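Q: Read off the chains here:
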Amino acid sequence: MDNFNNALNALNSLSKDYEIFVPSLNRKLKFKDVTTKQQKNIVKCALEEGTSGLSFINLTSEIVRDNCTESASLLVSDKNFILTCLRALSISTSFKPYDSDSTVDLTPILNKSTALPDTLKTTEVTDGTVTILAAIPFVTEDIAINNETKKKLSSITNAKDVTREALGEMYINEIIKYVKVIKVGNAEIKFNEATFNQKTQIIEKIPISLNSKLIDYINNVKQYERELLTLPDSKVTISVEPAFFTV
Amino acid sequence: MQFYLTFTQPSTNNSFNISELTFAQYRTLNKFIGNKNNNHIEEYFNHIIRSNSNVNSFTNFDKFLILFLLRLASVSSEIEVTSGSFTKKTSIIPILNQLQQINKSFEKTFQYEDFVLEVNLPKKLFFNDIYDPLCFSIQEIIINNKPINYNSLTDKEKIDIFDKLPSSIITNLRAYHNEVTHVFKTCEIKLFNEDQAFTITPFDNNMFELLKVLFTVNLKSLYELQYILVSKLFYTAEYIDKNTLVENLILKNILEAEMNQLKEERQKGVENKPAGYK
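In order, the protein sequence lines correspond to chains R and U.
Per our numbering: the first sequence ends with 247, consecutive numbering throughout.
Per our numbering: the second sequence ends with 278, consecutive numbering throughout.
Warning: the hint list may mix true and false statements.
Stated by the list, open to error - Incomplete in silico selection of chain U near chain R, CB under 10 Å:
(1) N17
(2) C135
(3) S167
Hints listed in this document are in silico derivations from the structure and should not be mistaken for laboratory results.
Predicted, not measured: the structure shown is a model, and the values here were computed from it.
Cβ atoms here follow ideal geometry from the backbone N, Cα and C, with glycine treated the same way.
If we strip away everything but chain R, and leave its shape as in the complex, we get (with noise of 0.2 Å):
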C-alpha cells in the first residue's frame, strides 16, 4: 500500500498544466492535461451509448469543468473549444476525420482567440405579452440539467417510446438550459429558483413564435461553436465525438 501511495504522489508530479483560450472570457486558463482514465471513459462511453448521446456529453463537460485548474465559469459554447485544444494538446494535433482520407492539424484552432460576441453572452426575446431573457448556460448548469434529462429517459420502459420520448425531452431541457427569466406583466419567474419540473412546465406552456426566437439564438450559439471549430485553411469542422478522443 505504501508503494502504491507513493506511485499516486509521483504521479501527481507528472501533471502538466497547459494554457488555454477561453472565449467567454477572453482569456486565457490552465487546464491538466486529459488522463488515460477520461479517455478510457470516453471510448467505454461510445461503446455503451444509448440513444440520447447524454452520457458523452456529460462526461466531456466534466472534463472541461474538472481539469480547468483555475476558479472560473466557463460556458457551454466554449467546451467544445476546449476540448478540441485538449485533445491537440494532451494527445496529438493531428486527427484524422472520420469521412476523410486525410489527416488534419489542428494547430490552427489552437492558435484561434476569437472571444464570445457580447450579442451572443445574452439575449431578450419577446412577443408582446411574454419576455424570455435568455443566456448560454454555464458548464455546471448542461451537466445538472442532463442528469435530470438521464433520470427521466431511464424511466421510459417502453423500447418503442424511448426514441421519440429522447428527442422531445432534450428539445424541452435544450431551451431551459438557456432560459434564465420569464416576465409575464409584472410577474417575474427567475428560473434559477425554479425546479426543473416547474421548468419543464413553464416551457411546455410559452408561445410557440417566442420558441421559435428562442430556438434562433441558440442555433446563432451553435453556429458560433461550429465556427470556433472550423479550421480556416481546410473549412474542416471538427466534430467533438468519442471517434476524436481515439488515436
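Could you slot chain U onto chain R? The hints should help.
A: Frame of chain R, contents of chain U only:
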C-alpha cells in the same frame, strides 16, 4: 524428486524446470472451467504455473506455452475438434512448434519529458476490459529516475495508476501493440483444416480461450476414472491425484486389457468343455 519437463523461454532461451500437471490439478482446473468464472480460471492457471515452476515473472505468452506443454505431456498430444457434425482428432505438437518460433524479445522503453515507461508483453492471461492490455503491458514507470515498482502492485492498483497517467501514452502503447500483433499474426494456427486458421496475440483473450478449449474435458469422466482405479485396483485417492491423467489412463487401460483377457479365457473355457457338461 518429482519428474519435471523443461521449458525454454523463447525470448531469452533460458530454461526452466516445470513439474507435470497432476490429475488433481487437471480435475480442479476443469471444475473452474465448468464454473465459467474467467477471473477464477486465470487465477488457477497462474497457480499451476507458480506451483509447478516456482517462477512468478512469466509473460502471458510464456504462460501460454507452459500450459500448452503441460497439456501435451500430461493430458494428451491430441485435441478433438468438432465442426458441425464432423469430429476430428488433431495433434497439437505442430502448433506448439510453430508458436515457439516467436522468439523475439518484446521489451521496449518509452521516454517522456519527465517519466519513462518500460513495456513488455502483459503477465495477465485474461483481460476484463478493452484497456487492460494497455495497462498490463506496462512493467515499470520511472519518475524522476525513481522506479515506482509497478509490478509489485495489485491489478486494481495498477489500473488506478494507469488511469492517472497522461493520455498521450495510449498512442505509444497502441503503436507498440500493433507492432507486436504484427509478429504474432504471422503465426497462423490451423486446428481443424487448412482453410480455418486463427491467430493469437498477447493483447486479446484468444490465448485464454484456446487454453480453456485445450483443458476442457467431461468432469464426470475424471470421477469415473478415479472410481475405477480406487474400487478395482485399490489405489489410494492420494496416489491417483499425484499421477498425471495419462498415467491414470494407462493404469485403467491395463485393467481393461486384463479384464478382456479374463473374459476371453472364460469364453474359451466354455467352448472347450467336454460333451455332456452344460
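Q: If any of the earlier hints don't hold here, list their numbers in rising order.
A: 1
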